[in-house]
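Single-letter residue listing:
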Amino acid sequence: MSRDIFIVSNSVDELGGVSSWSHRMAELLSARGHGVQLIGIAPAVLHKDFGDDLPYGMTTLYSERPASAWTPRYPWQRLDGKARRQEAQRAAGVRSAAARMNQLFRAARPGAVVIVTQVWAMEWVAQADLSGLQVIGMTHESYETCKATSRYGRVKRYYADVDRLVALTDEDADAWIRDGMNSTCGIPNPLPFSLPETVPSATKTVISIGRLSQEKGYDLLLEAWATVVDRRPGWQLKVYGLGEEEAALRAQCTALGLDGSVEFAGRTDDVPGALAGASIFAMSSRGEGFPISLMEAMACGVPCVAFDCAPGVREIIRDGEDGLLAPTGNTTALAKQLGRLMDDQELRDTMAKKAREAIVRYSPEQVTARWEELFALLDS
Amino acid sequence: MPPSQATPLVSIIVIVYNDAARLPRAVSSALRQSLRGVEVLIVDDCSTDDSFAVAQRLAAEHPGQVRALRLAENSGGCGGPRNHGIAEAEGEFVMFLDSDDELDDHACRNLYEAGRRTGAELVCGLSVRRFLGNRHGKTDAWYPWIYSRTRTLDSIAEMPDLLVWDTLSTNKAYRRSFLTRAKLQFPLGILYEDLLFSSQAYLAAERITLIPNRVYFWDQWPSSKDKSGASLSNRRHEIRNFTDRLEIHRRIDAMLADRGMAELKYCKDVKFLKHDLVLHLRDLPFLPEDFRQEFAEHARAYLAGLDPEAVAESPSIQRICAYLLTKGDWANLLPAIDTLLNRDKLSSTLVEKDGRIFWCDGHLDDPEGRRVLEVTDQGYHARAIGQLFLRNQLTRYASGPQGVELAGRIVNPLGRIPAGAKLAAKLEFTSRRKTLQSKFAFPVREVRHDGDGIVWSATVDLAKALRPLGVIDGVWDVRCVLTADGERTSTRLTVGDLDLSASPAAPVRPRLTRFTGDRLEPHRSARGHLAFELTAEGNAARKGTDLIERALRGEAGPIANTAVDRARAGVRGALKLRRQLNNGDTKLKVYHQLLNRLPVVKGQVVFESQQGKQYSDNPRAVYEELVRRGAPMKAVWSYSDSPKGFPSGATLVKRWSWDYLRALAQAEFWVDNQGFPYRLRKRPETTYIQTWHGSALKKMGFDLASLKRQTPVQQAEYLAGLDRFDHFVVRSEHDVRTLAPAYRVSEERLLRVGYPRNDMLRREGTAKDHQLAGELGIDLTKPVVLYAPTFRSDAAGKVKSFELPFDVEDFVERFGDRMTLLVRCHYLNKVVLPPSVSGKVIDVSDVQEVTPLYLMADALITDYSSLMFDYALLDRPMLFFAYDWDEYADDVRGTYFDLLREAPGPVLREIGDLYEALADLDLVGKEYADARRQFVAEYGEYDQGDAAKRIADLMFGAPGAQTEQEAGR
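Same order as they appear, the protein sequences are chains A and B.
FYI, our numbering numbers position 312 of the first sequence as 312, with every residue one higher than the one before it.
FYI, our numbering numbers position 775 of the second sequence as 1775, with every residue one higher than the one before it.
The hints are simulated quantities; they were obtained by calculation from the structure and are not laboratory data.
Honestly, I wouldn't trust all of these hints.
Unchecked claim - Cβ pair distances, simulated, as ranges:
# : chain 1 : residue 1 : chain 2 : residue 2 : range
1 : A       : 318       : B       : 1155      : 58 to 68 Å
2 : B       : 1088      : A       : 380       : 15 to 25 Å
3 : A       : 350       : B       : 1897      : 51 to 61 Å
4 : B       : 1024      : A       : 83        : 33 to 43 Å
5 : A       : 361       : B       : 1105      : 28 to 38 Å
6 : B       : 1550      : A       : 361       : 53 to 63 Å
7 : A       : 380       : B       : 1155      : 42 to 52 Å
What the hints assert, rightly or not - Some chain A residues near chain B, calculated using beta-carbon distances under 8 Å:
#  : residue
8  : 145
9  : 149
10 : 170
11 : 174
12 : 177
13 : 182
14 : 183
15 : 286
16 : 328
17 : 329
18 : 330
19 : 332
20 : 376
21 : 377
Stated by the list, open to error - Below, a list of computed lysine to aspartate or glutamate pairs in the DMTMM-like style, where the Cα atoms sit at most 25 Å apart:
#  : chain 1 : residue 1 : chain 2 : residue 2
22 : B       : 1782      : B       : 1794
23 : B       : 1699      : A       : 373
24 : B       : 1708      : A       : 259
Every residue, glycine too, gets a C-beta built ideally from N, C-alpha and C.
Excised from the complex, chain B in its bound form (with noise of 0.2 Å):
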C-alpha cells in the first residue's frame, strides 16, 4: 500500500508453518499484484524454524505494506492463524494465501473490481492446481465449470454447484465488513476446517459474485508430504480423519437445515456418495478389519440421514457401495469398489433373478436391496464379452528364477463364458509414453474355468525380454488379454492387498543406457491397477536417474540441461515425424500430387456405406447385382472399424488408410451413400455414383441452418465436395424437389432410377430370410412386429440418448402370447432390454442391413425414420408413434412436409392409442389401403425393382453388350 492510501482495498492474509524458504515466494506475489492498495499480514503459526524472522525481514523491506505477526503457541492447523489475521486486517476486502502457493499477479484487481462493481460480500476466482516437480508443467484448474462465466448470485440456493464443489477458503475475496456482519471464523482443532468455513461463508453472504479469472495457484510440490491438503488425503487410514469429516458435514447440514435449504441438501449428498465417500472407500481393501468395522460403524449412522431421493438419484454403482457398506458385507462390497475406481468396470459375476440382472446374490429378499442391486439397464447382460471390461484379480505376485511369476482370477460374469470354450491369454505391457517401442507381449501359461472364474498363471521374464528406452517410458501398464472362442476381452490387473513390495524389483536394462534407470518396480496405480515404474537401484543408475530429473526440470548444470534438451528435442522430432507422415494432411498432399498420377485401373469400384460402418444399403447392392452378372470389376470395399462382416470377394481397405487413398486415387468408379471424405477431390477419370440412404423428411444439405450461416469460402468448399457426384439416385420427385437442391444436384446428374436396396421389396414373393430368424431367435410363425424410432438431438444438435417411450414388459405382458417386436434403433442410439422380454422383444439395432428385417415384418412400428419410405413399398401395416412430434417438429432443423398429414398409417401419440391399433393389424392395413398407395405413388414412384440392374448397366454396359465389347477387343 502506498504510504498515501488511507485503508488498503485488499489485506492478503499469508499463514506460515515451519516454511521460512518459501514464504518469500509467496509474499512477493501478494506485493506483485497490479492493484496498488494492498497491504499483506503475515501470521506465523509458531513456527519452529526461522519462519517468524524472514518475516519480520520482509515487514522491514516493505514498512507500512507488510506486516509480521505471530501466534504466542502451536495452533496446529490453518483456522488458528488466519483468524488472527482476520482480527488484524485493515483493508476493505480479504484473503487467504498459504505460504508454499502464489497468487495471480491480477487476482486482487480481478477481484476487488468485481466487489467494487457488484457490491458482492464474497467474490470467488478460479485456482489453479500448478505441479512444480513435474516435466511437462502440468496444471489443473480446479473445477473451471464452475467459472466458465462472470455471474452475481443473491443466494447460494442459485448455485448449489459451488457449495458443493468449491470447498476452498483461499480463492476468494471476502468484504471485510461482511467477515465482521456474519461472525466467520475457522474452527479450529478439526480437519477440514476450509469445507466449513467456506460453507458458512456461502451460507451467510448476501451477495456472491464468481469471476472466470485464474486468482491463486494452488502449488503441488514434488515432495510436498508436508503440504496440509496432500498430506491429509494420504493420512486416510487414520480414522480421525474420515470422523472429522462426518462431523464438517453434519455441522453444515446443520446449517442447511436450520435454513431449510432442501435443495442444497440434496445437491451435498448426491456430492457425498459421488466424491466423499469414494475418497475414503477406495483405499478401504488395503486397511485392516478393525478399522474397517469401525469405519462403516460411522458412515451408516451418517448414511442413514441422506436425503433419500439424492441416494436414488446417485450412479446405480455408489448406491451398490453405500448399501453394501451398511450392510457390513466386505465380500460383495470389496470387488464393488474397483468399480466405483474404475466405472467402466465389471467386478461382480452378477446373477439373473426374475428376468432381471443384480449385482449380486445376497440381498434380494430385502424390497431395498432388490431396488438397489439391480442392473438390468446397465446392459451388461446383452453386450459381447468382447465389449466387457472384466475385474481381473491379482493372487500372486512373486520373483521366482525365471522371471516374475503372477496369477489372477478374472470375473465371469453371468457364466457368458462356456465351460467348454476355447481359451487362451497373453500379458501386455505397454508404455503410458509412446516411444519407439512401447509394447511387449508375454504368453500366459495356464488359463483354465475353476468354479465361477477363470484363473490364470504366466512367468513373465522382464529382465531378458523388455527393453524400455528410458527417461521417456518410465511407467509401463499391464493388461491380460483373454481370448474366448476367438473374442477378445482385455483385462487389467487388479492389485487388492497383496504386498508388491515383498519380492525385489526385476532388473532391466534400458536401451539408454542404466544410468536411465535399472529396475522395474512394480506398485499399484491411483486405479488399483498392476503398473511398474523405471527405478534406480545401482550406484551408478542412481546418480545418472538424479542428474537427468534435475536436468529436465532445468536445474542441472548448464552441460547436462543442454543434453537433455538436445535428447528431449531429439526424441520429440522423431516421434513428431511418425505422427506426421501419417496424419490427414501428408495423406492428402501425397493423394492429390502423387497417388492421383497413378493410371486408373480399368474396372476398379471402390464401394462404400455408412461412411465404412456397414456392408449394406445401396452400395451393396449394386455390388451384389455386378459380382451375379460377373461384370469384369475389381471391387474394393471401405470399412472405419473392423472388416469383420463384409465380403471376402473384394477386397478391404480401412477408411482413411494408404491403400483407401490409392483405391480410390485409381479407382474408375466410386459408389457410396453417404460421401466420400470431403477433402479428398476426385479426377475427372473416376465417375462417382452418390446412390444416396434415404429420401428426407427432415430439411437437409444447404437448407440447413448450419450451412446457411457459413461465409462463402466455407460453402465453397462444401459445394466442391457435393461437385464431385457425377450420378445422383433418386426415388422420386419429392427427392428431386428436396434433396437435388438441398445438394445442389443439377437435372443432369439425376439418376431416376430408385434404390437399389429396396429392388428386393419390389419384387414378388422374395422369401424370409430364415437363417437370420434362427441366428436372432425370432418365431416366424408368430406375427412380427418392427419398431424402428429415429434418433433425437438437443438444440445444439448433439444426439441425445435413447429410451424407449414404453414398457417393454407390459407390452410382453399384452401382446408377447401374439407377435414378436423387433426393436431397431438408430445406429447413432443404443437400447438395453431385460432378460425377461427375451424371445418376445429382440434387439435387432446391430443386423447391418436392414432390408431382411423389413420383409420379416408383418407391421412397422416407427415415428419419423426415413425408413418409412422403404417400408412402404411392401403395402403392409404401418403406425407412426409420435408421441413427441410438436419438439421434434418444432426443433432446429424443420421438415420437408407435414408427416401428420401425409402419415400412410395412424399416427399415434399415445401409448394406449398405440396398444390399440396392435390389437387389430389388420384394421390398420384396410382402413390405410389408398393412402399408402398414394404415398408410395409420391415418396417412391421410381422404385421399380430394377435400381442395380440399370446402375449396372450404366457402370459395365448391359449384360449382352458387354458380351460383345469383349469379343470386340
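In isolation and in its complexed conformation, chain A is listed as follows (with noise of 0.2 Å):
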C-alpha cells in the first residue's frame, strides 16, 4: 500500500547522521511507491549538500533559526516584559510553522505517517493538528546515552503519546519500554551502501574509520596497538579522519614509538575503498549509538574488533561469531582480541563470512521492509 510518509527533522541538510538517515530513508521509501517529504524545522548550522532533483520533497519551516523557548528560573523573572513579549513572539512563530505543517499534512492521503527523527523537533509537530495520522518518534543515540543528556526528559514528555517509539536497537526499546514508554520497538539503521558483490583479499593491515576526538578512543586504540603489534611485526594500523585530538594522538603515537606501523591517513569519502584489502576494523568509541562503521566494515568482509560500548555495538557484532567484543576502556582485554583476530588467519576468514552473511539483515530491503510492516501494525 503506497501512503504518505512526513519525515520531521530539526532541519533536512544538516552535516550528520540523522540527515544522512533521513535521506536514505526517503530514498528507499520513495523507492517502494511512497510519497515522502522531508520536513526540517530551521536551516541547517552545517549544511551539506544532498544534491538536486530528489524523488522526494523537502521544505523547512523557518528561515533561521528560531530563539529557543523561555523558562524563567525565579518566579520574579516572570515580570520581565521584554522576555516576556519575546517569548510570545516565540509562540507565534511555533503556531505559524505548526500551520504550515497542517497545510501538508491535510493534503496527506488516508494511513498517513508523520516520523518525528528528533524530539526536538516534536515540539512544533505537537502543535499541528494530528488527527488521522499515525505518528513515530525516533531516537538516534543509546538509552544510557540519551539518559545521561537533558534530551532524556524531553523524550519522555514529548514522545508519551506518540503511536510509537523507535529505538535503534531491541535492548534499548527493551529499556525505554522498561522506563514506561510503553508503546516502542526497534529498528535498525539500513546499511548506507548495497553490499559489495566480491571482497579484495587482505593484507596485514587494521583499519580504523573515525573522528579523531576523545568520544572515539583513539588514545586507547594506540595504547592497545602498542602492546600488540610489539610481538607482531609486519603489522600495520591505519587511522582514516580528522578531529581535534589529531595533535595529541600523533605526539602519543611517537612517544609509544609506534610511529612506523601505525599511519594517520586523513579523511575519506570512499569508505569500501579504504576498507578494501584490510584485515581487521578496530572501533575503540567511549560512546555509541548504532554505528555505521561496523556494518560498512562487515559488508565488505572485515572482521571488527570493538569496545562494547552500546547497545547498538553488540547487535551489530555478535561476539565470537562475526567480530569480537572487549570491555569499554579494558586495554589489555582489547590488544588481547586484535591479537587473537591477527595470529589466526583461519578465524579472520570464518568471521569475515559470517560477517558479510550476518549484516543482510540490515540491508536497505530488510529494513524498508521493517519500517513498512511498522505502519501496517498502526493501522491494524
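Since each chain sits alone in its own frame, please combine them into the complex, following the hints.
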C-alpha cells in the first residue's frame, strides 16, 4: 500500500547522521512507491548538499533558527516584560510553523505517517493537527547515552503520546519500555550502500575510521596497539579521520614508538575503497549509538574488534561469531582480541564470511520492510 | 473491531460475577486499545445483581465489537466463564480480563505484534498491581525480573522461573489455534485454577515470547474482600485452600513427570519450599490444634515427594521448618516460623554439640535431622549480641490503670548473655513515616534472666506520653532495646497467638486535633510483630478521619480536598526543608562558600584511615609519632560508623558531619590513606599528605578500564580530586612506576620515605603484643601462621562473598597441635569458623591494626593481598596459596607484574601443596631467603623505619628546630 510519509527533523540538510538517515530512508521509501516529504524545522548549522532532483519533497519551516523557549528560573523573572514579549513572539512563530505543517498534513491521503526523527522537532509537530495521522517518534542514540543528557526528559515528555517510539535496537527499546514508554520498538539503521559483490584479498592491515575525538577513544587504541604490534612485526594500523585530538594522538604515537606501524591517513569519502585490503576493523569508542562504520566494515568482509560500549555495538557484532568485543576502556582485553584475530588467518576468514552473511539483516530491503510492517501494525 | 475487518486479531474475554458497577470500567479499557481489531466477550457467571444487564447494554452500544454471554448457572469460579469465552471467541489471539481490573492501552498491540513477529503460541507481558485506595498511588510490578527484556523460548525448559513464579493467566495472549490444538481448559470446582492453566499453557506451547511491556493492571481495591485472589489468601484457615493447592501441584508434577522435566520439577520444588509452604506456615501459630494436625498430615505426604536436591538447596530455615513440620515438632516449629518470616531473626536458643551449632536440641540422633538442623555456617555463635536480631515473644498484653501492660521473653542463644550480666531495657515506639517527632521511649520496669531466656515487663502510658501528629504517622512500630553489659540489641515484639483485641485501644491526642484519630489500636503486622494504628472511635474522630481519607484520595468536597492538599504540601515542605538542610549538596555549598573562609587553625591536622572505617595504618602511625614527640598539634580523627577504638586524645568527628567539614576547612594538614571526599576542594593554605594504603599488584586509578572509558568532564573531576595531594608517600620505585602515573602524581609531589605503618616492622626486636594475643586467645608458645587472602570480584566489579578455600577442621586435624592459624579476610569480606576449631583457628578480621598481627605471625599465607609487600620486611616465610590465579589475573582489572615469577615464596595451587609446605616452614624460609631480599629491595626499598619521623618533620619541623622556633616567638 502506498502512503504519504512525512519525515520531520531539526534540519533537512545538516551534516550529520540523522540527515543522512532521513535522506537514505526517503530514497528507499520513495523507491517503494510511497510519497515522501522531508520537513526541517530550521536551516542547518553545518550545511551538507544532498543534491538536487531528489525523488522526494523537502521543506524548511523557518528561514533562520528560532530562539529557544524561555523558562524563567525564579518567579520574579516572570515580570520581565521584554522576555515575555519575545516569548510570545516565539510561541506565535511555533504556531505559524505548525500551521504550515498542517497544510502539508491535510493534503495527505488516509493512512499517512509522520516520523519525527529528533525530539526537538516534536515541539512543533505536537502543535499541528495530527488527527488521522500515525505519529512515530525516534531516538537516534542509545538509551544510556540519552539518559545522560537533557534530551532524556524531553523524550519522556514530548514522545509520551506518540503512537510508536522507535529506538535503534531491541535492547534500547526494552530499556525505554521498562522506563514506562510502553509503545516502543527497535528498528536498526540501514546499510548506507548495497552489499559489494566481491571482497578483495586482505593484507596485514588493521584499519579504523572515525572522527579523531576523545569519544572515539583512539588514545586507547594506540595503547592497545603498542602491546599488540610488539610481537607481531609487519602489521600496520591505518586510522582514517580528522579531528581535534589529532596532534595529541600523533604525539602519543611517537611517544609509544609506533610511528613505524601507525599511519594517520586523513579523511576519506570512499569507505569501501578504504576498507579494501584491510584484515581487521578496530573500533575503540567510549560511546556510540548504532555505529554505521561497523556495518560498512562487515559488509565489505572485514571482521571487527570493538569496545562493547552500546547495545548497538553488540547487536551488530555477535561476539565470537562474526567479530570480537572487549569491555569498554579495557585496553588489555582490546589488545588480546586484536591479537587473537591477527594471529589466526582461519578465524579471520570465518568471521569475515559470517559477517557478510549476517549484515544482510541491515540491508535496505530488510530495514524498509521493517518500517512498512510498523506502518501496517499501526493501522490494524 | 471495525465492521470492515473479517476476523478480529484479539478476543478479550471479560468475566464478571456480581460486579455490575466496575464492569464498564474494565470493558472500556478493552475498547480503548490502540490495536483496533479487538472483540470483547463479556461472560457473566450467572450474577444475581444486574451485571448481565450492564453487559447487554455495553453490547448494544458497541455492536459488532462487544458480545454479552451468560452461563446458565453459577460456576463458582473463574474457570467456567473463561472456558465458555474460549469456545465463543473468534480472534486470532485470546486474552482474559477480570471485571475489576484493566488492560494497558497498548496491551493488545504489543502482545499481538510480538506474537506475529515470532510466531509464538503464547505471549506474556508484565502485570502491575495497583493499590487503588492507597494515598500515594502505590504500584507493584509482578516479578519484573522475569520480564526485564524481550525474549523468545522454544521450550519452557529454557526458563523454569517463568512457570515457577508467573502463575497468572491474565497477563497473556494465547493463540486460539493453540488453545484448540492443546485442548486447554480451566479446571472446574477447584481453587488455584490459574496456576494449573498457566502451567499447562507453558508446557504445551511450542514457542513462548516474553515482552517487558506492562499489559495488565491487577487492581487491589480498598475493601476488596470479595476479590477472589485476595480473599483466597485471607481464607487460608480453610483446609481446602491448602489441599486444593497441593492437588494442583500434584497435577503439575504429573505433567512434568510425563515429559521427563526433572529440572523444572526441581525449580518448582525449590519455590514450593520458599514460597507456597511459607504462605501457609505463617498463619499456623494462630490456628487450632486439630487444623495443625491435619495440615501437617497433608504437608508430610507432599513434602516426601519433593526432589531431595531441591530440599538441600533451599535456605536453611525453610529446610528446618519443613523438617520440623514432618516431625510434628510444634514446640520448635512455631519459633522457627518466626525466622521464616523475618530472615535475620534468631528465634531459637540453639545448642552446641561436638564443636558445631544446631537449631535445637531434639532430632540430633537422626542423621537427617543433624544435617538439616546444623546452622554453624550462619555464624550466629560468632556474631556479637548487638548484631543479632533476637526473638522477643510477647507474653502479656493488657490495659491497666497506669496504661498498657506489656511483658515478654527474649531468646538468649547459647547463653551468650551471661547470668551475671547487667541488664536494662526500654521500649521504643517509632512512627513508620517520619514526622517532626517520630520516636517515643518508655522505660522497662523489670528485666531479668529466667531459665534459658530473658523476661521483661513494662507499663506504658500511651495516653499521656505518646503524641502522634495525626494523618501522616498512622502506624507505629514497637521495639524493645535490651542492653546487656553495655551492649545494645534491638528486638521486635512477636505477638504470636496472644489476643490483642481483648483489651480496649489506648486513647491518644494527636497534635492535629482529635479529628485525625483518638485511639491507638494494637495489631499484628505482616511479619507478626506488635504495631499500633491510629484509629477513630469517638464520633468526631470517625467523621474527621473519614473526611480526611476521602480528601486524600481526592473524593471529598473541594474545600476539604484543597485543605488536605495544602496540609500535605506543608508537611512535605517542612520535611523536605529538613532533608535539604542536611543533604550533600547543601553541605558542599556551605563548605565551599562559608566554611572555607574561616581562618585556618594553626596545627590542626585531620586524620582519616580507610575513609573513616578504622583507626589504623599510615595515618595512625603519623599521629602516634606526632603525639609521642609532643608536636603542637590539634588532632582531629574522622570515623564513619562508630567512634569506638579511636584515640581519646583527638577530637573525633563523624565523616560528612558538619563538624567534619568544618575541621577539614580549617585544617593546616590533611593526612589520610585513600582520599577525602572527592567533591571537597582543598584550600591552598592546607597541606594534603596522601600516605596511601599499599603498593599495587592489581591495576589502579587511570589504568582501570572504568576510568579510561570516562568522558573528559568525568576524568577532569576525578583528576581535580587527585590534584589536591601535595605529597604522595611511596615506598619503592615500583610505586613510582605504577601508582604515580595511575594517579597522575608528578615527580615533585612524591615523598620517598616509605610507609609509617611499617616502621615497627623495620625496628629491631619489636616485641609481640601479648595483651592483644591474650584478648584473641592466641597461644604464643606455638608457631603462629597468618592467613590473609584478598577479596575477589565478579565481572561487573561486585565483591564476591568469601568462602575459605580449604576445610579448617581438616587443617586442625593435621596441624592443630603444632600451630595456630589466624584468619584475616579483607574488610569487604566475612568469614565464619565453627566452634570445633576454636583456639586453633582464630578469626582476626575485626582487629583494626594489622601490624601487631604481622609481628605475632611466624609465617604468612596469602594469595594476592598487597600486605605481602609489608610482611616481606620481616624476612619470615611466606606462602602464596594462589588456587585461582588464572581466573584472578585474567579478570577485567589486570596486574602490574607477574606474581608467579616474582613471589618471594612458593606459589601453591593445590591445598595438598600448601599442607606440604606448612609441614616444613623452616625449609621454605631458607629456600626463599634470597628471593625475599630481592623482593624487599624491589618493592620496599624506602621502608627504612623512619617514615613517620620524616613525615612529622615535614609537618612540624624536626623536634630540635621546633624548640628554636618556639623560642623565637
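Hint-by-hint comparison with the structure:
Checked against the hint of 58 to 68 Å, the pair residue 318 of chain A and residue 1155 of chain B fails, with Cβ atoms roughly 22 Å apart. For the pair residue 1088 of chain B and residue 380 of chain A, the supplied restraint of 15 to 25 Å holds, since their beta-carbon distance comes to about 22 Å. At about 36 Å, the CB distance of residue 350 of chain A to residue 1897 of chain B disagrees with the hint of 51 to 61 Å. At about 49 Å, the CB distance of residue 1024 of chain B to residue 83 of chain A disagrees with the hint of 33 to 43 Å.
For the hinted restraint 28 to 38 Å between residue 361 of chain A and residue 1105 of chain B, the CB-CB distance of approximately 31 Å keeps it satisfied. For residue 1550 of chain B and residue 361 of chain A, the Cβ-Cβ distance of about 57 Å falls inside the hinted range of 53 to 63 Å, so the restraint holds. Range check, residue 380 of chain A to residue 1155 of chain B: Cβ separation about 30 Å, and the 42 to 52 Å hint is violated. Among the interface hints, the one on residue 145 of chain A is violated; its C-beta lies about 11 Å from the nearest C-beta in chain B, farther than the 8 Å criterion.
For residue 149 of chain A, the interface hint is violated, the least distance from its beta-carbon to any beta-carbon of chain B being 11 Å, above 8 Å. The interface hint given for residue 170 of chain A is met, as the beta carbon of that residue sits about 6 Å from the closest beta carbon of chain B, less than 8 Å. Among the interface hints, the one on residue 174 of chain A holds; its C-beta lies about 5 Å from the nearest C-beta in chain B, closer than the 8 Å criterion. The interface hint given for residue 177 of chain A holds, since its Cβ lies 5 Å from the closest Cβ of chain B, which is under the 8 Å cut-off.
This hint holds: residue 182 of chain A has a C-beta 5 Å from the nearest C-beta of chain B, less than the 8 Å allowed. Here the hint on residue 183 of chain A is kept, as its CB sits about 5 Å from the closest CB of chain B, short of 8 Å. Satisfaction of the interface hint for residue 286 of chain A is found here, the shortest Cβ-Cβ separation to chain B being roughly 5 Å, below the 8 Å cut-off. Residue-level restraint check for residue 328 of chain A holds (minimum Cβ-Cβ distance to chain B is 4 Å; threshold 8 Å).
The beta carbon of residue 329 of chain A is positioned within 8 Å of a beta carbon in chain B (closest approach about 3 Å), and the interface hint is therefore held. A least Cβ separation of about 4 Å between residue 330 of chain A and chain B falls short of the 8 Å threshold, and the interface hint therefore holds. The closest approach between the C-beta of residue 332 of chain A and any C-beta of chain B is roughly 5 Å, which is under the 8 Å cut-off, so the hint is satisfied. With a least beta-carbon distance of about 10 Å to chain B, the hint placing residue 376 of chain A at the interface is violated under the 8 Å criterion.
The interface hint given for residue 377 of chain A is met, as the beta carbon of that residue sits about 6 Å from the closest beta carbon of chain B, less than 8 Å. Distance check on the hinted pair: residue 1782 of chain B and residue 1794 of chain B sit about 38 Å apart at the alpha-carbon level, beyond 25 Å; violated. With a CA separation close to 50 Å, the supplied pair residue 1699 of chain B and residue 373 of chain A exceeds the 25 Å bound. Taken as a hint, the residue 1708 of chain B and residue 259 of chain A pair is honoured in the structure, with Cα atoms around 23 Å apart against an allowance of 25 Å.
In this structure, the hints that do not hold are numbers 1, 3, 4, 7, 8, 9, 20, 22 and 23, in rising order.
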